[in-house]
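Residues per chain are reported as follows:
There are 2 protein chains.
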Amino acid sequence: MRLEHSYRTERFGAVRIHELQRVIELDSGAGAGDSGSDAIPQDALRAIERELVIVIPCMNETRRVIEGVLSGIPHDCLIVLVSNSDRYPVDRYEIEAQTVEQFCRLAGRPAITVHQRDPGLAAAMKAAGMPELIDDDGLVRRGKGEAMLIGMALAALTGRRYVGYVDADNYVPGAVHEYCKVYAAGLHLADSPYAMVRISWHSKPKVRDGRLFFSRRGRSSEITNAFLNRLVAEYSGFGTDVIATGNAGEHALSLALGMRLRLAGGFAVEPFHYVDLFEQFGGVLESAHPEVMASSVPVLQVETRNPHFHENKGEDHVRGMRTQALNVVYHSPVALPAVRSAIVDFLTGQGALSASAEPPRERIYPPVGSLAFDLLFDALPEAETFREIGAGALAARPA
Amino acid sequence: MRLEHSYRTERFGAVRIHELQRVIELDSGAGAGDSGSDAIPQDALRAIERELVIVIPCMNETRRVIEGVLSGIPHDCLIVLVSNSDRYPVDRYEIEAQTVEQFCRLAGRPAITVHQRDPGLAAAMKAAGMPELIDDDGLVRRGKGEAMLIGMALAALTGRRYVGYVDADNYVPGAVHEYCKVYAAGLHLADSPYAMVRISWHSKPKVRDGRLFFSRRGRSSEITNAFLNRLVAEYSGFGTDVIATGNAGEHALSLALGMRLRLAGGFAVEPFHYVDLFEQFGGVLESAHPEVMASSVPVLQVETRNPHFHENKGEDHVRGMRTQALNVVYHSPVALPAVRSAIVDFLTGQGALSASAEPPRERIYPPVGSLAFDLLFDALPEAETFREIGAGALAARPA
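Line order of the protein sequences matches chains A and B.
Once you know that position 241 of the first sequence is 240 in numbering that gives the first Met the number 0, the rest is easy, because the numbers rise by one and skip nothing.
Once you know that position 324 of the second sequence is 323 in numbering that gives the first Met the number 0, the rest is easy, because the numbers rise by one and skip nothing.
Some clues are possibly wrong.
With a Cα cut of at most 25 Å, we get these calculated PhoX-like pairs of lysine-lysine [what the hints assert, rightly or not]:
1. B:Lys-205 / B:Lys-312
2. B:Lys-312 / A:Lys-205
3. A:Lys-205 / B:Lys-125
Bear in mind the hints are in silico, worked out from the structure with no lab data behind them.
Whole structure, please, built from the sequences with the hints as guidance.
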């Protein structure tokens with residue numbers, strides 16, 4: 000894979016946000032990079048892929064679409080499917096687990112699947128020390144952030160070094176493939192144990208007047224990015240548009256970083272990555288992790304070549320995402336007053352907030368690294384939906 | 000890349016048509032194959048890619064779409080763009096050539112571009128011994144088959160061993176990438192100097208009632224395949240549906256085979272591959288190539304994972320393709336009377352042929368191997384639009 004070289008970075012304490020880099024070639028073979036581009040050879044990609052867990056949060060996707068997504072994930076990556084699909088009247092999780100199993104048998108590779116609302120999973124997470132994740136029904140809360148957190152906890156149990164996320168509702172296996180290659184390329188280039196790679200899709204095809212229109216901008220991310228950039232600019236005194244991936248559902252990170260991050264619930268998870276990076280490693284508040292402050296936290300942002308081609312989740316979904324994003328920015332102790340009042344103005348103007356009300360707080364979880372992994376490892380097999388497909392998915396019992 | 004193993008083949012003389020194989024994994028890493036699947040390691044793919052020329056026939060596509068297609072072609076493949084785009088009022092070829100040049104500079108790779116209607120190209124092809132290609136204006140005829148023939152002639156000048164085709168109107172770079180990997184995988188598996196790989200796309204998204212519908216079947220290929228299968232079945236006495244790629248615009252072949260094939264003009268080029276294989280190597284007519292008859296001509300058919308997502312060219316285009324396909328089958332000396340009368344019945348029923356008329360003949364060109372390549376090599380630089388980008392695209396002067 001060949002990426003445009005990123006020349007500019009914006010610093011925020013130990014956090015180094017790289018300007019958006021475009022993909023030049025999906026496969027750069029043995030080609031060399033130069034001053035304008037970074038070519039990452041296949042062997043280097045493979046070395047990362049062997050350490051990379053790909054988590055697929057899944058909700059009610061068809062077998063056909065899931066099969067396509069699986070086919071796009073490079074063989075050496077380990078697949079973890081976290082499902083929040085309906086189990087009644089049809090047990091869609093069972094169909095999903097069978098799809099994964101059948102694929103893995105054909106492809107000769109391992110995988111892990113689990114259902115987010117499995118009581119056994121809730122018991123395991125509670126036993127491991129994260130009761131915050133459990134709702135009034137005694138189950139792990141619904142929500143994308145929660146699925147991602149479960150995926151990260153499972154990734155930690157595999158003994159691998161990196162975790163990346165790929166949505167299940169993607170109609171283009173080649174795009175999934177590109178995401179994974181971008182993760183490997185970015186993590187290889189990042190050159191820090193605490194790295195994150197976030198994807199900005201090239202375009203999003205939409206049906207408009209009976210034909211396809213390739214939209215360049217997401218309806219939610221434009222707003223999220225603007226306020227995150229504003230947050231940064233209030234400190235530097237210089238306007239910036241460096242953040243282009245505030246809502247990046249597709250992202251990957253080293254587990255060394257992931258274990259230290261706090262994840263937000265629901266759709267706040269993605270923008271909160273930035274907020275938590277600024278809070279923990281921005282140099283504004285005291286960091287609990289001097290080892291990270293002494294290193295650096297590179298955030299690479301990569302614009303993919305493939306269109307992001309998925310089901311339209313509707314306007315409510317977009318509004319919900321946007322509001323949750325702004326809520327987490329608003330409540331961050333690193334957000335200066337000017338940003339906070341701009342958010343209130345925006346939300347009020349949109350009718351998403353009544354006058355003189357305060358944006359609600361989103362749920363923020365403790366870092367996954369705080370879990371007692373030995374307890375999680377012991378309790379997990381009790382979860383009825385937990386499947387380890389093939390051998391060698393989980394590492395030996397953690398110390 | 001991992002492909003489903005193909006168990007069944009249909010023989011027609013030396014031609015061995017393999018049953019459709021599906022792609023299981025886009026990247027099988029170092030994974031091994033087994034009885035159910037063929038895993039082709041990256042090194043084996045790379046070895047083919049180094050010998051593979053990818054020809055892009057192009058007509059009036061936007062810069063953005065072309066850039067995407069180029070990004071999907073593996074680095075080690077050599078790009079040849081054959082344009083039939085408008086040159087007035089805007090010189091679209093100039094924009095295309097610049098797009099290729101800019102991409103190649105960023106990616107550090109060579110390419111060749113030429114315009115199909117360049118008088119210098121016509122002169123070179125005529126000098127090299129193919130006056131049939133020239134129309135009344137003294138230029139190479141418009142038409143996809145003609146663009147493919149020019150591409151194959153240029154491929155032969157590069158000294159590489161394989162040529163593959165990728166349409167320029169593809170919105171999914173990941174699909175282009177998959178096509179090229181399938182070519183390399185298929186040519187590696189084919190295990191014969193005279194091999195062809197043809198692609199059947201997974202699905203074709205269409206806008207229907209304001210939303211997307213993933214159609215599994217092409218409007219033209221269903222008919223083309225049915226009549227080609229009928230042609231085969233009339234000899235074997237057994238009905239068959241082995242041919243699934245009669246209209247495969249996306250295909251690759253060894254130049255050892257390509258040099259011996261006759262190509263048809265326009266959209267007849269793709270179905271005529273099968274017809275010419277049956278005529279030359281089917282064992283029904285005498286073959287001019289005993290060396291091929293003593294070997295075998297495997298035709299691999301691969302169903303890709305990515306949807307084939309391109310501009311809708313309209314109903315006329317589809318009808319035209321279908322009619323041209325049936326015309327070449329009808330006029331083939333290997334088509335038995337039952338097939339010929341079925342074609343006439345079908346075309347008459349569709350209103351594409353008046354009662355008691357005969358389907359028109361399509362234009363069939365002599366094999367590219369009959370060209371005097373030394374003359375072509377000498378004359379080509381005279382063509383004003385001929386561009387050799389980077390070093391090492393063309394081989395040394397052919398003997």
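Against the structure, the hints:
no., hint, verdict
1, B:Lys-205 / B:Lys-312, "12 Å, holds"
2, B:Lys-312 / A:Lys-205, "19 Å, holds"
3, A:Lys-205 / B:Lys-125, "47 Å, violated"
This entry does not satisfy hint 3, going by the numbered hints stated previously; all others are met.
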